[in-house]
Amino acid sequence: MTKKSITVGLIGNPNCGKTTLFNALTGARQKVANWAGVTVERREGFSHHKGYTIKVVDLPGAYSLTSFSMEELITRQFILNDKPDFIINVVDAGNLERNLYLTTQLIEIEAPVIIALNMIDEAYDKGLTINTEKLSELFSMPVVPTVGTKNIGIQQLKDSIVDSYEKHPLQRKIVIPYGNDIEQAIQTLQNLIENHKPEYPSRWLAINLIEGDSDAEKKIQSLPNADAIVKTSYSIRNKLSQTFNDDIETVLSDMRYGFISGALKEAVRKKPVKRHDITQKIDSIVLNRYIGFPLLFIMLFILFHLTFILGQYPQQLIESGVQWISNLFANIIPGGQLQNLIVQGIIGGVGSVIVFLPNILILFLGISFMEDTGYMARSAFLMDKIMHGLGLHGKSFIPLVMGFGCNVPAIMATRSLENKRDRILTVLINPFMSCSARLPVYILFAGTFFPNHAGLIILFIYALGIFLAFISAKLFNNTILKGESMPFVMELPPYRMPTVKTILIHMWDRASSYLRKMGGIILAFSIVIWVLSEYPKPQHIEQKYDALIEQTRLEFNRAIVTVQKENPEKAKILHDKYNLALDDLEIQKRQEMIKYTFIGKIGTFIYPVLQPLGFNWQMGVSLTTGFVAKEVVVSTMGVLYHASDDESNQNLSKKLINPRYGITPASALAFMIFVMIYIPCLATVTAIAREIGTRWALFSIVYQIFVAWIVSFGFYHVARLIL
Amino acid sequence: MRMRRRGNPFNFNQTNDNSFLSPNMEDYMENIALLLKENDVVRVKDIAKKLNIKMPSVTAALQKLKEKGLVDYEKYGHVQLTSKGKEIADTIYEKHSFLTEFFKNILSMDQKSAEDQACKLEHHLSNDASIRMQRFVEFYKQEQHDGQTWINRLDSAMEEMPLSLIKEGQQAEIVRILGSGPLKKRLLEMGFRKGETIHVIKYAPLKDPIEISIKDFLLSIRVEEANYIIVKPL
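Sequence order for the protein chains is A and B. So the first sequence is residues 1 to 723, counted in the working numbering. So the second sequence is residues 724 to 957, counted in the working numbering.
FYI, nobody ran anything at the bench for these hints, they're computed from the structure. Even glycine gets a Cβ: it sits at the ideal position worked out from N, Cα and C. There could be a bad hint or two in this list.
Cut-off 27 angstroms, straight-line C-alpha distance, at most; resulting in silico cross-link-like pairs (DSSO-like, lysine-lysine) [to be verified]:
| hint | chain 1 | residue 1 | chain 2 | residue 2 |
| --- | --- | --- | --- | --- |
| 1 | B | K760 | B | K772 |
| 2 | A | K134 | B | K938 |
| 3 | A | K126 | B | K925 |
| 4 | B | K907 | A | K231 |
| 5 | B | K938 | A | K126 |
| 6 | B | K864 | B | K955 |
| 7 | B | K938 | A | K270 |
| 8 | B | K843 | B | K864 |
| 9 | A | K271 | B | K938 |
| 10 | A | K173 | A | K55 |
| 11 | A | K385 | B | K925 |
| 12 | A | K474 | B | K930 |
| 13 | A | K239 | B | K760 |
Some but not every residue of chain A turned toward chain B, in silico, with C-beta under 8 angstroms [what the hints assert, rightly or not]:
| hint | residue |
| --- | --- |
| 14 | S64 |
| 15 | K385 |
| 16 | M490 |
With the rest of the complex left out, here is chain B (with noise of 0.2 angstroms):
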């Protein structure tokens, strides 16, 4: 899980609920619940490494979470967890766990994408917000569970991207063509029908234009124009 540092700890954030923890602190708590599952003891070195960040930070910040009753923490000892503490990295951690769902399996993005993308959000969602988004996760896997057809539909369509993002040597079908104007009068005439296959040849030296070829011809275009093009990858 890649954490990042913020620019300034003390500047907490007014729109979460638990507001009196800042995104930084918040990530703080978060790693030392992750670690505590994984290791016996925690020491100020583990958290370092595993923020990648200094250890006199690391000190000054759990001095801070000290002072609002979330650690258990001395000089030199090992780092523990009040039951309070315990409590608000639980409902972060939970956050974070169904974000990353969220991303992952209804949206259909990458692991690593999915957990970035979590690691942002989960500071910044009211309770109402993620509670509301829980249940929709929730009932999304029960709906799955069924077997329901809008399911495998919300799949194709998130399957969807823009022909510029097919990378060098893939196959994608032409979904439909997006705008109006001179660009998809030109693509239409040129047979860019739904349903036909483009094979993206290769990027140019300097990443743009694109190289493709479709219906037996061979065709450049640009990145930009490219985007109007979405297609679903083979």
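For reference, chain A alone in the conformation it holds in the complex (with noise of 0.2 angstroms):
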């Protein structure tokens, strides 16, 4: 049996209930890709139904179908090319005469529409009783009932969806009225337009020209009469704004909500009922003058506990859990390159990036929950003012508050952003913040080289972190990102409980999309980088060096064996200055082994650009492997040291401060600046990468080396004048 398919567009306002009416019609059958050439999401999922096969397509948010936002072209596009067989519009029942307006341009579009009266029982609390069979007949569509998060009406919207497919092309249309002066005007532009056969319906065209729509003037280009067409809708606007003494928008709108009005009257009763309304009295608690800012650092602080503190338990499981396979395989494969291969490169990658998902997770439930619950937008409403002022926005301050936690998952949190740019800034400016991940360096230099300062340096860091966001946020925000910005008017929706299944499927959602488009990337990349730290193998530098050290422990021994008997006192020095031989023996032999790999080239090679900021080569190399993680460039340190592994470092701290490597506190200083500032890791670029495009994580990575360096330069060079 073949079974048929069906594709319907959902399509709704913001906080219409989209997502939870999406979920339940679809399940957890899901995918999500992007919409070609754009960074904004595609979800699909799937409905069978009395043999047919429903595919939902969910489409952006829209308070409209105007061509102002890219999430607004997007659902347009999809209507005029992809030629749905249905547009599902859900309405909020509750809300009905603004999210009708989104109906009409549906309406005008001439798309084929089926309206899900979706929250109808929050609709009945408020008094509202709608007569369904009158709305449907005055709207000319199919009007079902639903609520998504008590699944109910989900059937019935699924039975319409099939009748209506049954009966095509059984829908009437209907034309949005108005009046006789727009209606010649629009007559006469179909007309012109009727002539040349368009790809799309004329009257639509006609009154979005009226209205100056760019798109659709882009739209009319290949019609051979073009010109004329355009310049009679000029003298139609201007002509129509001088009869009705107001611009032309204006008043096309105001006869769109009069048509809904009316519709309204005839379909809706509401009877005043006493209304309690919650939202108003917890608003009044959230967004008081004198708690609502404490209460959203405690929030803020619990979600952040919550991610990186509680999701440590997890990442420690998965790490050991990571080393038990390692060992496992080391212990089945045997000893040699291939070895090397599976338990390093490959089973330490797929680590690396499974490290990420418990933060991921926790950080998902959170937001969503914050989001579901009405919470983010009343967040966004508080911090608006600070964030506007360096060109943000209200919701820009979650994502970066994670930061600090890790830039990962921050970087992704972004997505509660609507507007494109306000999300690229953003995410732009998150590497600033001082990730967890960089904070054993600061532990390390600062307890090195100013051990009484230490704390005081590690918040001059952070805080540094800080004030170059913010510089950077203006300073994009008046170059590269400069533009109209986008109006903040944001609805704040009234409090909901969600559903636990919204929640997690969100959750899923964002750790299932970060295993498939991250986590090949940073897995194909991290192996790539362990093959340039291990290659080419310098076996001839360890023979050589081996063979040192055995000959020196030999000659020790003979001297020791000598002076033992007569001098027990000599020996003993002869001792300890055979461990510092020894120790001067390891470490040349790494430095020289890691000298010979790739990335020791690498790193020898970039040298010579770090050298003015006072960093020693041991250094240099540590931050070219360091773009891998910053965890990477104490444990680089470690092994370029011949630090033995013990938990506070100290031997390595011993090492650093010895004057003969070279390190200064300013170089130290120098340096914790450049590894807070440089390219945060390869996860991060990644993340970049794929949430705002490859082109930005590009110039992300220029753009933090060289902050890095200048600031690091400058910071190096007036520290060795005070120190």
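Starting from the two chains in their separate frames, assemble the complex, guided by the hints.
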């Protein structure tokens, strides 16, 4: 049996319960991709009903079908070009008037619409009685009452889709009437357009031309009389604004609203109910002048704590799991290069991917909870004044704070920002929020070189990061991201209890998109970098030094044995000397070995650039390997200085401060600053590329390195004068 | 009447027709005249108190005015206006009164801001301008008295203000949306129509943005955006 398939697009205002309805329609059978050419998510799901496969495409939330934002354009393009069988217009029953505005536009674009009258229960609580048959008749489209959160009306909605499909094309066409003057104008333009068989509905084109829509103007360019049409539309526009003594957009939207209120008068009864408005009560606490901010900070503290402190436990579990598997494989596979590749390269690489998973899961559990309850919009409301001063949006605040934990989930969290420009800006400055992986570097260097002021120095580094973030935001705002900012007008949705299903789906969604989209890239790069740091194998160096070490051992042994009896004191001194010499040889060996590998060669190659910052060669190589992850900076140092592995890095610390390696407090400070600013890590770069595009990721790399160099250079030279 | 001290009392105002008095000196004349209306005798102390200025400064100013032949004043004695002085003081006071009336009655400003503006403007209007303005105020009063309808239209237009000036808890009716572009479009599609009622629910703790409700839903809007929404308070 071949199943027939029906494609429907789901469209609705923000906060109309569209996502919940989508989940109710499709369950977990979803796939997420991006719309072609843009980083706006495209979500698809499937549902089987009465022998049909219904493909549901979730369209971005929109208030209308104008062409101002990317989201609206995508929706418009989908309707016009993909020609779905139906558009399911999700309408918040408690907010009919505004929600139906989009419906009037769907009528105009001549989309086959089925209305899902969602959250009908809330409307009932508000005292509204909606006559769905009447509404269906007035709008000439099926109307199905639903409650997405309670799975009510979902079957009926599917029935309606299949029914309408089978009856197709029985839908009657209706038009929004605009009155004589405007109708005449529309007719004039329509006649001009229809002369040449346009691809798009001619009435819709005509109305959009009158409204001065630039996309509609583009769409008629293919017609031979395009110039004449545009010219006519301009003169009509002028004439009409004179007739109505108002601009034509206002007049048209007024008439659409007139049509809606006319329909609602017939179809909706409102009886006054005693309303105890919970939303306003919660708002009076949550947005209170005195406790609003403390409450926000407590919420963020909890979110941060859960994500990054509680998240450590599953992270440790994952790490020991990876370790266990590594050991297992190390035992199975005979030693050698293959074992190395599998254990260190592949398993290690996989480990570095999934180690972020707990953070991502918990953070998006929290964020999804905040979004679905309605608190997210309130947090933006509270913070907007400060954020707007920096050219950001109120909603940028949470992703920025989360950056202090880890930039990867923080960058993914910028998805709650609807506007693309705001999102790019928030992503670009996020790496300046010094993540927890950079802390070990600060602790090591500040503890070693500024033992009495370590805390202060670390605090200064963090503050410097925030300062640079703000400076960069200002800079980007006035240069590369300059442009008309979108209006902030943001709905503060009523507080709602989110459903577990929605939150879990959202959470799983993020985690799986991380694994699928970023995991592979991070894994591939980890292996590449592992290869670069392992090859070519410096075996001859190893052999040379091993021989040297053996020789030294023998020499000292002989010497110690000869003096042992007569002069135990001297023997002890000799023994110490021997240890020192051994250590020296080990360090030399490792340095030469690393120098021989690709990554060592890269480090050596770029070293001259880092020299003016007071860095030694070891620092240069550590920074190179630190591209993978910031923790690696410290472990590379450990290897290069042949420091014994102890928890507190005391051994390494002692070696770092040894004057023979030439690290001064000034260069240590410059190094910490450089680590804070330059490329955060491979995973972050991947996240940036995935969220806002590869070009921005490359830009970010260049910008961060550039800023890191300049700022470190400045601090190094100033600190050298003072310290 | 709140008078402000000018920075330099000897900086004569060029645009003024009776330009031999600085705004500061005009303030002195006006206030002496006012005090004389209320009291039998006026002392330096009284003037200092009324203008919130130190006594020695007042003495110095009175000396100046005496040199111009506008006041009678002996040390430690009472202050009197000469007939020339009285004439000037009256003109200034008259300007002040009709300017206050203009701001208060015609432009619908509150008493305090109206007086404040009058105090500032009275020193800078030329005689010609002030005569014309006075004529306008008289005309308005006559028309109002005759019950002309344009007066009502003007009054209601004067009540209009941007949404950003509406206080917490107040309601207002939309008159029109200014500007063009994305903001206007967004507002229109969200149902910001003429005649719709907006309820200003609260200001954010940092005074920006504003939480409003319209058509049964809540919105957050920045103050700079609220400036584009012209409303009439209800």
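Hints, one by one, checked against the model:
1. This hinted pair checks out: K760 (chain B) and K772 (chain B) have alpha carbons roughly 16 angstroms apart, not beyond 27 angstroms.
2. For the suggested pair K134 (chain A) and K938 (chain B), the alpha carbons sit about 22 angstroms apart, so the restraint of at most 27 angstroms is met.
3. The suggested pairing of K126 (chain A) with K925 (chain B) holds, with an alpha-carbon distance near 22 angstroms, which does not exceed 27 angstroms.
4. Taking the CA atoms of K907 (chain B) and K231 (chain A), the gap is about 24 angstroms. The hint holds against a cut of 27 angstroms.
5. The straight-line distance between the Cα atoms of K938 (chain B) and K126 (chain A) is roughly 13 angstroms, inside the 27 angstroms bound, and the hint therefore holds.
6. With a C-alpha separation of about 24 angstroms, the suggested pair K864 (chain B) and K955 (chain B) falls inside the 27 angstroms cut-off, and the hint holds.
7. Distance check on the hinted pair: K938 (chain B) and K270 (chain A) sit about 14 angstroms apart at the alpha-carbon level, within 27 angstroms; holds.
8. Distance hint between K843 (chain B) and K864 (chain B) is fulfilled; the C-alpha atoms sit about 23 angstroms from each other, no more than 27 angstroms.
9. For the suggested pair K271 (chain A) and K938 (chain B), the alpha carbons sit about 16 angstroms apart, so the restraint of at most 27 angstroms is met.
10. For the hint pairing K173 (chain A) with K55 (chain A), the CA-to-CA distance comes to about 25 angstroms; that is within 27 angstroms, so the pair holds.
11. Simply put, K385 (chain A) and K925 (chain B) have alpha-carbon atoms about 14 angstroms apart, close enough for the 27 angstroms limit, and the pair holds.
12. With a C-alpha separation of about 22 angstroms, the suggested pairing of K474 (chain A) with K930 (chain B) holds against the 27 angstroms cut-off.
13. A hinted pair counts as satisfied when its Cα atoms are at most 27 angstroms apart, and K239 (chain A) with K760 (chain B) does not qualify at roughly 62 angstroms.
14. The interface hint given for S64 (chain A) holds, since its Cβ lies 4 angstroms from the closest Cβ of chain B, which is under the 8 angstroms cut-off.
15. Here the hint on K385 (chain A) is kept, as its CB sits about 4 angstroms from the closest CB of chain B, short of 8 angstroms.
16. Below 8 angstroms, beta-carbon pairs count as interface contacts, and M490 (chain A) has one with chain B at about 5 angstroms; its hint therefore holds.
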